[in-house]
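Colleague: Construct the entire structure; sequences and hints are all you get.
These are the residues of each chain, in order.
Number of protein chains: 2
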Amino acid sequence: MASQRKTDLVLGSVRKLLRVGATPNVLNLLQKRHPVDIAEILRALNDHERRAAFEALAVQDPRLAMQALAEVGVDLGAALLATRSPADIVRLVQELPPDDAAALIDAMPVESADQVRDLMRGQGSAAVGDLLDHQEGTAGRIMNPKVFALPEEATAGEAVSALQQAGGVEMVFYLYVVDDRRHLVGVVSLRRLLLVPPETSLKRIMTADVISAGVDEDQEEVARNVSSYHLLAIPVVDDENKLVGSITVDDVIDVMKDVTTEEFQKLGGLEALDEPYISTPFGTLVKKRARWLVVLFLGELLTATAMGYFEKEIAKAVVLALFVPLVISSGGNSGSQAASLMIRALAVGEVTLRDWWRIMRREVLSGLALGTILGSVGFVRVTLWQEMFGTYGANWFLVALTVLFALVGVVTWGTIAGSMLPFVMKRLGADPATSSAPFVATLVDVTGLVIYFTVAAVILRGTLL
Amino acid sequence: MASQRKTDLVLGSVRKLLRVGATPNVLNLLQKRHPVDIAEILRALNDHERRAAFEALAVQDPRLAMQALAEVGVDLGAALLATRSPADIVRLVQELPPDDAAALIDAMPVESADQVRDLMRGQGSAAVGDLLDHQEGTAGRIMNPKVFALPEEATAGEAVSALQQAGGVEMVFYLYVVDDRRHLVGVVSLRRLLLVPPETSLKRIMTADVISAGVDEDQEEVARNVSSYHLLAIPVVDDENKLVGSITVDDVIDVMKDVTTEEFQKLGGLEALDEPYISTPFGTLVKKRARWLVVLFLGELLTATAMGYFEKEIAKAVVLALFVPLVISSGGNSGSQAASLMIRALAVGEVTLRDWWRIMRREVLSGLALGTILGSVGFVRVTLWQEMFGTYGANWFLVALTVLFALVGVVTWGTIAGSMLPFVMKRLGADPATSSAPFVATLVDVTGLVIYFTVAAVILRGTLL
Numbered sequence: 001m002a003s004q005r006k007t008d009l010v011l012g013s014v015r016k017l018l019r020v021g022a023t024p025n026v027l028n029l030l031q032k033r034h035p036v037d038i039a040e041i042l043r044a045l046n047d048h049e050r051r052a053a054f055e056a057l058a059v060q061d062p063r064l065a066m067q068a069l070a071e072v073g074v075d076l077g078a079a080l081l082a083t084r085s086p087a088d089i090v091r092l093v094q095e096l097p098p099d100d101a102a103a104l105i106d107a108m109p110v111e112s113a114d115q116v117r118d119l120m121r122g123q124g125s126a127a128v129g130d131l132l133d134h135q136e137g138t139a140g141r142i143m144n145p146k147v148f149a150l151p152e153e154a155t156a157g158e159a160v161s162a163l164q165q166a167g168g169v170e171m172v173f174y175l176y177v178v179d180d181r182r183h184l185v186g187v188v189s190l191r192r193l194l195l196v197p198p199e200t201s202l203k204r205i206m207t208a209d210v211i212s213a214g215v216d217e218d219q220e221e222v223a224r225n226v227s228s229y230h231l232l233a234i235p236v237v238d239d240e241n242k243l244v245g246s247i248t249v250d251d252v253i254d255v256m257k258d259v260t261t262e263e264f265q266k267l268g269g270l271e272a273l274d275e276p277y278i279s280t281p282f283g284t285l286v287k288k289r290a291r292w293l294v295v296l297f298l299g300e301l302l303t304a305t306a307m308g309y310f311e312k313e314i315a316k317a318v319v320l321a322l323f324v325p326l327v328i329s330s331g332g333n334s335g336s337q338a339a340s341l342m343i344r345a346l347a348v349g350e351v352t353l354r355d356w357w358r359i360m361r362r363e364v365l366s367g368l369a370l371g372t373i374l375g376s377v378g379f380v381r382v383t384l385w386q387e388m389f390g391t392y393g394a395n396w397f398l399v400a401l402t403v404l405f406a407l408v409g410v411v412t413w414g415t416i417a418g419s420m421l422p423f424v425m426k427r428l429g430a431d432p433a434t435s436s437a438p439f440v441a442t443l444v445d446v447t448g449l450v451i452y453f454t455v456a457a458v459i460l461r462g463t464l465l
Numbered sequence: 466m467a468s469q470r471k472t473d474l475v476l477g478s479v480r481k482l483l484r485v486g487a488t489p490n491v492l493n494l495l496q497k498r499h500p501v502d503i504a505e506i507l508r509a510l511n512d513h514e515r516r517a518a519f520e521a522l523a524v525q526d527p528r529l530a531m532q533a534l535a536e537v538g539v540d541l542g543a544a545l546l547a548t549r550s551p552a553d554i555v556r557l558v559q560e561l562p563p564d565d566a567a568a569l570i571d572a573m574p575v576e577s578a579d580q581v582r583d584l585m586r587g588q589g590s591a592a593v594g595d596l597l598d599h600q601e602g603t604a605g606r607i608m609n610p611k612v613f614a615l616p617e618e619a620t621a622g623e624a625v626s627a628l629q630q631a632g633g634v635e636m637v638f639y640l641y642v643v644d645d646r647r648h649l650v651g652v653v654s655l656r657r658l659l660l661v662p663p664e665t666s667l668k669r670i671m672t673a674d675v676i677s678a679g680v681d682e683d684q685e686e687v688a689r690n691v692s693s694y695h696l697l698a699i700p701v702v703d704d705e706n707k708l709v710g711s712i713t714v715d716d717v718i719d720v721m722k723d724v725t726t727e728e729f730q731k732l733g734g735l736e737a738l739d740e741p742y743i744s745t746p747f748g749t750l751v752k753k754r755a756r757w758l759v760v761l762f763l764g765e766l767l768t769a770t771a772m773g774y775f776e777k778e779i780a781k782a783v784v785l786a787l788f789v790p791l792v793i794s795s796g797g798n799s800g801s802q803a804a805s806l807m808i809r810a811l812a813v814g815e816v817t818l819r820d821w822w823r824i825m826r827r828e829v830l831s832g833l834a835l836g837t838i839l840g841s842v843g844f845v846r847v848t849l850w851q852e853m854f855g856t857y858g859a860n861w862f863l864v865a866l867t868v869l870f871a872l873v874g875v876v877t878w879g880t881i882a883g884s885m886l887p888f889v890m891k892r893l894g895a896d897p898a899t900s901s902a903p904f905v906a907t908l909v910d911v912t913g914l915v916i917y918f919t920v921a922a923v924i925l926r927g928t929l930l
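Protein sequences appear in the order of chains A and B. Taken in order, the first sequence gives residues 1 to 465; the numbers are from our numbering. Taken in order, the second sequence gives residues 466 to 930; the numbers are from our numbering.
Since the hints were derived computationally from the structure, they do not count as laboratory data. A virtual CB, placed ideally from N, CA and C, is assigned to each residue, including glycine. Careful: at least some of the hints might be erroneous.
Said to hold, decoys possible - When the alpha-carbon atoms are kept at most 25 Å apart in a straight line, the in silico DMTMM-like pairs for lysine to aspartate or glutamate are as follows:
| # | chain 1 | residue 1 | chain 2 | residue 2 |
| --- | --- | --- | --- | --- |
| 1 | B | LYS722 | A | GLU136 |
| 2 | A | LYS312 | B | GLU778 |
| 3 | B | LYS722 | B | GLU705 |
| 4 | B | LYS777 | A | GLU311 |
| 5 | A | LYS257 | B | ASP896 |
| 6 | B | LYS777 | A | GLU387 |
| 7 | B | LYS722 | A | ASP250 |
| 8 | A | LYS32 | B | ASP896 |
| 9 | A | LYS257 | B | GLU686 |
| 10 | B | LYS722 | A | ASP218 |
| 11 | A | LYS288 | A | ASP254 |
| 12 | B | LYS753 | B | ASP739 |
| 13 | A | LYS316 | B | GLU778 |
| 14 | A | LYS257 | B | GLU727 |
| 15 | A | LYS288 | B | GLU776 |
| 16 | A | LYS316 | B | GLU776 |
| 17 | A | LYS146 | A | GLU158 |
| 18 | B | LYS752 | A | GLU350 |
| 19 | A | LYS288 | B | ASP820 |
Stated by the list, open to error - Sample of chain B residues facing chain A (criterion: CB under 7 Å; computed from the structure):
| # | residue |
| --- | --- |
| 20 | VAL625 |
| 21 | LEU732 |
| 22 | GLY748 |
| 23 | VAL751 |
| 24 | GLU776 |
| 25 | ALA786 |
| 26 | ILE793 |
| 27 | GLN802 |
| 28 | ALA810 |
| 29 | GLU815 |
| 30 | SER831 |
| 31 | PRO903 |
As the list claims (entries may be wrong) - Derived coverage of chain A by chain B (criterion: at least 3 residues anywhere in the stretch with Cβ under 8 Å from a Cβ of chain B; other residues may be distant):
| # | region |
| --- | --- |
| 32 | 189-202 |
| 33 | 233-245 |
| 34 | 268-274 |
| 35 | 290-304 |
| 36 | 322-334 |
| 37 | 367-374 |
Modeller: And the structure:
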């Protein structure tokens, strides 16, 4: 992208100009750019430079300054605003669509946020305040309450001139049609408006079967619908089907990104961070990681118990201990593969709870195949080392067999456990992504030890044991 | 969503009607629905029912039938088409935007796909054929070559009437402006067209700094740009900046979903599947999983070597073997957490390669904190069991200390390895997501054993060892 290369070039110049205090030149450089590019530059600057650049821009072109601020990310954005007076903040955030404004105010320190909200309500800027009444994670919280709607009796021509006078409405692609009590009754695309004679009534050209979102609906559900119906925006209605706002596809993309981030973190075996890694305070970061890590550790302590149970066998045949990490981690790895496959297949709706039995049969076969492959490699390894170094003594063949069969058993079990755990999680109402690689590995470690030592007991009885 | 509940209800009726052969009634039920909902019903039917329902729809309303087919997913869609004659397929796929048509043809068996392509080229439907000349994963492959463009001299009024006559162009929001050699010189939003007097020339109202995608650009890069600049569509240009197509936001969302799926699979420690799990043949599924699993296994074999190296110590103090799984898996778990955090932070651009040192310092501290927490829990566990069951004999305190310090060391090392591996991968030009939980765990297992036995050697020398 030409545009991004230019951003890199301009960053150096901005830095130099800020250092010598050449504010007008900085303005000159920034004002020609897209808010997204300005935000990229702001992010790359240090705190001091960033504040100077933003101040300069806010004086000259408050709208552009705020558009860039909205792109910087809410945490950094709120920090840039926080030192200003509440009245000043109110003036500036009104340059933004209410959903972006609400997100910014939300990210400010509680006290100033409250002051700003009170002031906005007092000034009749109820839109932002109303948004904040909705719960985080719902459609109501991310919608834009300024939505363009007209009555059914209006004509296409009237709609076009209303649109021309509107202004300030974020990205319009659809015109919503409401009855006299603001119930949502239809939708007309902007393009369709252009294609009909001006005197056509909206009622005649609207699509009556509107796909909408409830104001309390989960934002992930909203994102799924916008994406599967290929919408550019979705109207938001209250529980009486009255139009209260709309959500545009760019906000939906942001929701999708956040969801993916959360799933990644869960998949890695930690609680989802609410903020970006970089801006998460150290204490929070450790707490979010420690909680799951301790739970997993407590589970993993059972391996010490299981190993203790086989202590006599290990004492008799120390060679058994040598393969413990190999065997249990192979189970964990195959389980982690199966779990990731299932978590994603469930997330995109490719498989559902009903499919569990079909998956189970397939995964048992996969597990047996994978176990046989790994078991054979293990068998060859023991044989080779025996031939070359005589590592495993007279009973090496039985040791090799133990490794082979233990791997078949543990890998098969790991695959079954890994593939079924996401289904169990979903059935219990939890997020399937909670069945993370570490969780599956811990589960498989304990049972894997039991499988391994049981196989060993059967094969080595009378010789090593 | 009201619309989806209705879909579930209608599915039963469709099934019943198909069974008694009441095709007109099936048509009646389906024709009123959104293509996405019809696709959902088609997916839920069995092969036989699906074919019957699609045939009925294709005869009556080929456009709707094909729109639904495009939503069913390319594999199932191609299967539904494959039994028809090439001429018939050509007729039907022409109901679709070229990018969807190309994807469907791509998914058909090679022979019929070639016949269809030849036929289309012969009939002058070059658009689809041209798409297929571009490499998979590039902008050129997912773009729609039917793009709406006008010369700079055209007026807003002319643009509106051109738009009214266009038709067949997928979702228009932007009008692209080209010079007389079709170089892309500007863009005008549909809304802006409405706001100016009809005689205004496009040149006066267009934005000249157009964000565009190169035809050979990676589709992920395109998706990133569309999402960060909040675009609804992005024009695609060839290497002379000539306009050759455009990509709409809904296609970008599909790319984002596919990318997420791939990352999930890599994160789970397997090669990305090219098709959905369910439609991946068993052999391919096993192969894609086995390859990484064998690589990891070969790495994990080093644990057997490492354990062999400490065989004498284990024989002297079997108690050491008991904590091996606990210690190494704690390292793996903390490493997996750190890796997922970094992989995602790198993917969304929140951190870059340049930040590695800052992250490293932070993660060393996190690792020490987490290691101390787990180590303390481990210490308490050994102490408790000793008090209650006398499990660990006279030297229990030294064993407890060994577990404590080994955990601090291994967890810190796991955290460092896990957080830095994604940076190393990125530096080497590989996908950071390759540093999957299983990969990190394997890496940490071997070194974890060395750390554990070294700590043990220091603390237990002269007593147990």
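Colleague: If you check each hint against the structure, which ones fail?
Modeller: Per hint list: 3, 8, 15, 22 and 33 violated.
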